[in-house]
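Produce the entire structure from the sequences given, and follow the hints as far as they go.
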Amino acid sequence: MKNRLLAWLLCLAMLLTIGAVAVAETNPNAGLGYYPGTAEKGSIAVECSTMSVMNPIKMTYNTELGIARHTQDCLVKLSSVDNQIVPAAAESWESSEDGLTWTFKLREGMKWVNSKGEVVGDVTAKDFVFGWRELLNPANACEYYAFAAVFKNAQAYYDYASGVPGAPEVSIEDVGFKAVDDYTLVCELENVLPYFLQYVKFEVMSPIYEPFYTEVGADNYGTSPDTMLYCGPFYMTDWVLENKITTVKNPYWWDAANVELEKIDWIKYTDTNAKMNAFQGGEVDLIDVTGDQRQMFTAEGFKVSNYVGGYSFYFYCTQDDPARDISNKNLRKAISYALDREQLIDTVFKNDSEPSPTFSLGISGVNTETFSEAVIAANGGERLYPANADVEKAQEYLALALEELGKTADQIDITLMVSEGTQNELYNQVVQEQLRKNLGIEAKIEVLTITEARARRNAHNYDMFAGGWGPDYNDPMTDLDLWTTTNGNNHTGYSSKKYDALIALAMVETDMVEREQIFVKCEKLLAEDMPIVPIYWRHEDYVVSEKMAEGYARLPFQSYNLIYTKLAK
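Numbering-wise, our numbering comes out as the position in the sequence shown, counting from 1, plus 361.
Bear in mind the hints are in silico, worked out from the structure with no lab data behind them. There's no promise every hint is true.
Unchecked claim - Below, computed lysine-lysine pairings styled on DSS-like, alpha-carbon distance capped at 27 Å:
#  : residue 1 : residue 2
1  : K605      : K624
2  : K754      : K664
3  : K402      : K629
4  : K472      : K419
5  : K472      : K711
6  : K690      : K754
7  : K711      : K624
8  : K624      : K419
9  : K664      : K477
10 : K690      : K859
11 : K927      : K605
12 : K513      : K402
13 : K664      : K402
14 : K690      : K798
15 : K419      : K402
As the list claims (entries may be wrong) - Listed next, with one range per pair, are the computed distances between beta-carbon atoms:
#  : residue 1 : residue 2 : range
16 : N619      : T462      : 43 to 49 Å
17 : N667      : V869      : 34 to 40 Å
18 : A865      : L761      : 28 to 34 Å
19 : D535      : K624      : 40 to 46 Å
20 : Q445      : G643      : 31 to 37 Å
21 : T847      : Q772      : 49 to 55 Å
22 : K930      : P612      : 40 to 46 Å
Keep in mind the model is a prediction, meaning the values are calculated, not measured. Here a beta-carbon is modelled for each residue, glycine too, at the ideal position from N, C-alpha and C.
Okay, here's the thing in structure tokens:
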């Protein structure tokens, strides 16, 4: 056991260095004079694709979590310099020899401020206890509740509070975290978790100031700048829903002296051309760009930056409504084989994105560079999902599906639900045409706002919906526990006792090689049951104006870290 635990601790060291080769950036276009950026001194404006939820415990989207990274402080955070764990609200911590108990010492003097920048109270260990209890409160329906379920008795409490039949009574006071005093937080884990610090750096694990939360109400908290409090480097002053959020430097933050920016505007764009025009016109300083736009910038000598954040994109397929044609497994397999992933990337994105050979991306392997390589090796060197359409196999699975459904191909009823945006819509149009060409299926397209699409997805009220997932920490669990029956981010209705048992086994397995093979089985079972249809691994191209000189970072596990951005003089 000691040797196995040592292996886990060595693995932890590896986990904390993921991305260490990347560093906070220096602008590659400094001084060119092409795109000087926004005019307002001391501020920057950046693209933000989603901004419908600002309560950290209820967030799921990457860009929303990115805003929270700038307005809240968790116990620890990732450095913008080398992506390693560094102190945040906690100035120090230690773990027991068996790795099950962690003690955090919070820094004294941290303040809660409101949307006017006024001090409301002190940040204490009780705020973390309350925030985590709310994350575990089934009434809040937090999709990331599982991050707090790692504590002793936490899942048992959640099951009991959710009314799971036969669940034994467990009190919230029995869950393994407590404030020993105002600045000491003790955490007890259900099982050894080598990446625990990666858990508590995640923005859904933010503290919440109970007196204010109770005053505004749980449902109202975070619905506007003045219904939330802030303890991070910035605080929110304005929020025009689905348009723009403004965050201003917090002078009471513990490291405010090293923050140069006075303001960050987060702006939502749904049209790629409008976004491009805004960048060229000095209205925004950082945007993601399409493949066509990358070519244009490159042709004029303006360098485009790129990073791989570990994001895997796929189609959710709802499973729990047998009246929907998409609930048929053979139909989902037919669709997977009918899609030409390379053509889709070449047509829509025109960049370095890759057809998904497996679901998981960006996770380290035990004896291979990546976990995906271990999956492919275990599959006889073959991909789980084809890069190009295999029409013959697609037709074989379609024939089985049509027989089971008692339909002909032209009777198949599938709607592709799309969140608005020119590239999203083109993506689904290409899929629509490939299904028409290779299967004879006439899929419909329904375009919704991101807020509407999120609600429909969460209610499982759709057939297929294009979404994506990026890793929250460097372990296959970050991707694969998504598809367990009770996971709050499982928006497909997929429920497999076999899959759930594999994840449960991985949670307690201490031999790293054996544990990885359990995850390999999970990947292969996903490909067999196909609650999702993996499509591509995203490579992200972006440009920054010459106003942003250095210090900004886009890295795995933190798509935006702009806290220490320095501006051109």
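Consistency of the hints with the structure:
Distance restraint check for K605 and K624: the Cα-Cα separation of roughly 13 Å lies within the 27 Å cut-off, and the hinted pair is therefore satisfied. Between K754 and K664, the direct Cα distance comes to roughly 42 Å. Violation of the 27 Å bound is thereby established for this hinted pair. Distance restraint check for K402 and K629: the Cα-Cα separation of roughly 21 Å lies within the 27 Å cut-off, and the hinted pair is therefore satisfied. This hinted pair checks out: K472 and K419 have alpha carbons roughly 22 Å apart, not beyond 27 Å.
Between K472 and K711 the CA atoms are separated by roughly 46 Å; this puts the pair beyond 27 Å, and the hint is violated. For the hint linking K690 to K754, the alpha-carbon distance of about 14 Å falls within 27 Å, and the restraint holds. Between K711 and K624 the CA atoms are separated by roughly 34 Å; this puts the pair beyond 27 Å, and the hint is violated. Under the criterion of a C-alpha separation no larger than 27 Å, the hint pairing K624 with K419 is consistent with the structure, at around 25 Å.
A distance of roughly 39 Å separates the Cα atoms of K664 and K477; the hinted pair therefore is violated under the 27 Å criterion. Proposed proximity of K690 and K859 is supported: the alpha carbons are some 16 Å apart, at most 27 Å. Between K927 and K605 the CA atoms are separated by roughly 22 Å; this keeps the pair inside 27 Å, and the hint holds. Proximity of K513 to K402 is assessed by CA-CA distance (about 49 Å); at most 27 Å being required, the pair is judged violated.
The straight-line distance between the Cα atoms of K664 and K402 is roughly 24 Å, inside the 27 Å bound, and the hint therefore holds. The hinted pair formed by K690 and K798 meets the criterion: a straight-line CA distance of about 20 Å does not exceed 27 Å. For the hint linking K419 to K402, the alpha-carbon distance of about 33 Å lies beyond 27 Å, and the restraint is violated. For N619 and T462, the Cβ-Cβ distance of about 33 Å falls outside the hinted range of 43 to 49 Å, so the restraint is violated.
Checked against the hint of 34 to 40 Å, the pair N667 and V869 passes, with Cβ atoms roughly 39 Å apart. Checked against the given bound of 28 to 34 Å, the beta carbons of A865 and L761, roughly 32 Å apart, stay inside it. As the Cβ distance of D535 to K624 is approximately 44 Å, the hint placing it in 40 to 46 Å holds. At about 35 Å, the CB distance of Q445 to G643 agrees with the hint of 31 to 37 Å.
The given range of 49 to 55 Å is broken by T847 and Q772, whose C-beta atoms sit roughly 35 Å from each other. The beta-carbon spacing between K930 and P612, approximately 22 Å, falls outside the hinted interval of 40 to 46 Å.
In summary, the numbered hints that this structure violates are 2, 5, 7, 9, 12, 15, 16, 21 and 22.
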